[in-house]
Amino acid sequence: MPLVVPLKDAAEAAIEKLRNEMNPKIEKPELIKQMEDTAIKDSAEVEKENDEDKPATPNMSDELKKMLDEMYKSYTPHEDVYPPTPKKGDIVIPLGCLAKCICSPDCTKELPVPAYRILGDSEEDERWCTDVITEQEIYEVQIAGMIMTARAQERQKTHKTAQKKVDH
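Residues in the sequence shown are numbered from 1 upward in steps of one, following full-length UniProt numbering.
For the record, the hints were derived by calculation from the structure and aren't laboratory data. Careful: at least some of the hints might be erroneous.
In silico SDA-like pairs for lysine to any residue, Cα to Cα no more than 20 Å straight-line [said to hold, decoys possible]:
#1 K100 to T85
#2 K100 to I118
#3 K109 to L95
#4 K88 to A115
#5 K87 to A99
#6 K109 to Y75
#7 K109 to P77
#8 K73 to D62
#9 K100 to R117
#10 K100 to H78
#11 K65 to Y75
Computed spacing ranges between beta-carbons, pair by pair [what the hints assert, rightly or not]:
#12 T76 to L119: 34 to 40 Å
#13 K73 to I138: 56 to 62 Å
#14 C97 to I133: 33 to 39 Å
#15 R117 to H159: 56 to 62 Å
#16 S104 to T149: 53 to 59 Å
#17 Y75 to P112: 20 to 26 Å
#18 P86 to C107: 17 to 23 Å
#19 C103 to E126: 25 to 31 Å
Owing to the predicted nature of the structure, the values given are computational and were not obtained by experimental measurement. Even glycine gets a Cβ: it sits at the ideal position worked out from N, Cα and C.
Produce the complete structure using the sequences and hints provided.
Given below as structure tokens:
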């Protein structure tokens, strides 16, 4: 506590000294106006310092300006093309990196979404080593089976007739 009281007294003494230094004849509104003027002057000085810190804009020739304008006119901005999102029930494997734009094969722009691999039906079948049989292949197998049974029946008939001939 002994340190707090002297600091408080010192602060009050400093405030009293500032009050005595000010011109007692200045009315309060004028005092506020004077403070605002000094604040405006200070801000103007800060702006001048900021202007000095900024690099000067380069002076360009008219030809260079025309060339830049033509370049910007012909420049087409990049349009992000996101990869397809997985559907419900798809098997998704995260790759641990950001997705690449698919606007063109040689585009290298990374998009702000995670990259993942979606396993399709064929990949899933390969993963489990199963063969995918299409409807056409099913028909072909059925027809081949019918042909084989028909041939087998013909062989049996010819074999039976040959047996009968041998027996007689």
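Taking the Cβ atom of C103 and the Cβ atom of E126, is their distance within the range 25 to 31 Å? holds, 29 Å
Holds or violated: K109 with Y75, Cα cutoff 20 Å? holds, 17 Å
Taking 56 to 62 Å as the stated bounds, is the beta-carbon spacing between R117 and H159 within them? holds, 58 Å
Are the Cα atoms of K88 and A115 separated by 20 Å or less? Satisfied, since the Cα-Cα distance of roughly 17 Å is no more than 20 Å.
CB-CB spacing for T149 and S104 relative to the 53 to 59 Å hint: holds, 56 Å
Take a look at whether the Cβ-Cβ distance between Y75 and P112 falls inside 20 to 26 Å. With Cβ atoms ~23 Å apart, the hint holds.
Within 17 to 23 Å: is that where the Cβ-Cβ distance between P86 and C107 falls? With Cβ atoms ~21 Å apart, the hint holds.
Is 56 to 62 Å right for how far apart the beta carbons of K73 and I138 are? This hint holds: roughly 60 Å between Cβ atoms.
Is the Cα-Cα distance between K109 and L95 20 Å or less? holds, 17 Å
Is it true that the CA of K100 sits at most 20 Å from the CA of R117? holds, 12 Å
Run the distance test for K87 versus A99: straight-line Cα separation, threshold 20 Å. The given pair, whose Cα atoms are some 17 Å apart, holds under the 20 Å limit.
Between T76 and L119, does the beta-carbon spacing fit 34 to 40 Å? holds, 35 Å
Of the numbered hints stated above, none is contradicted by the structure.
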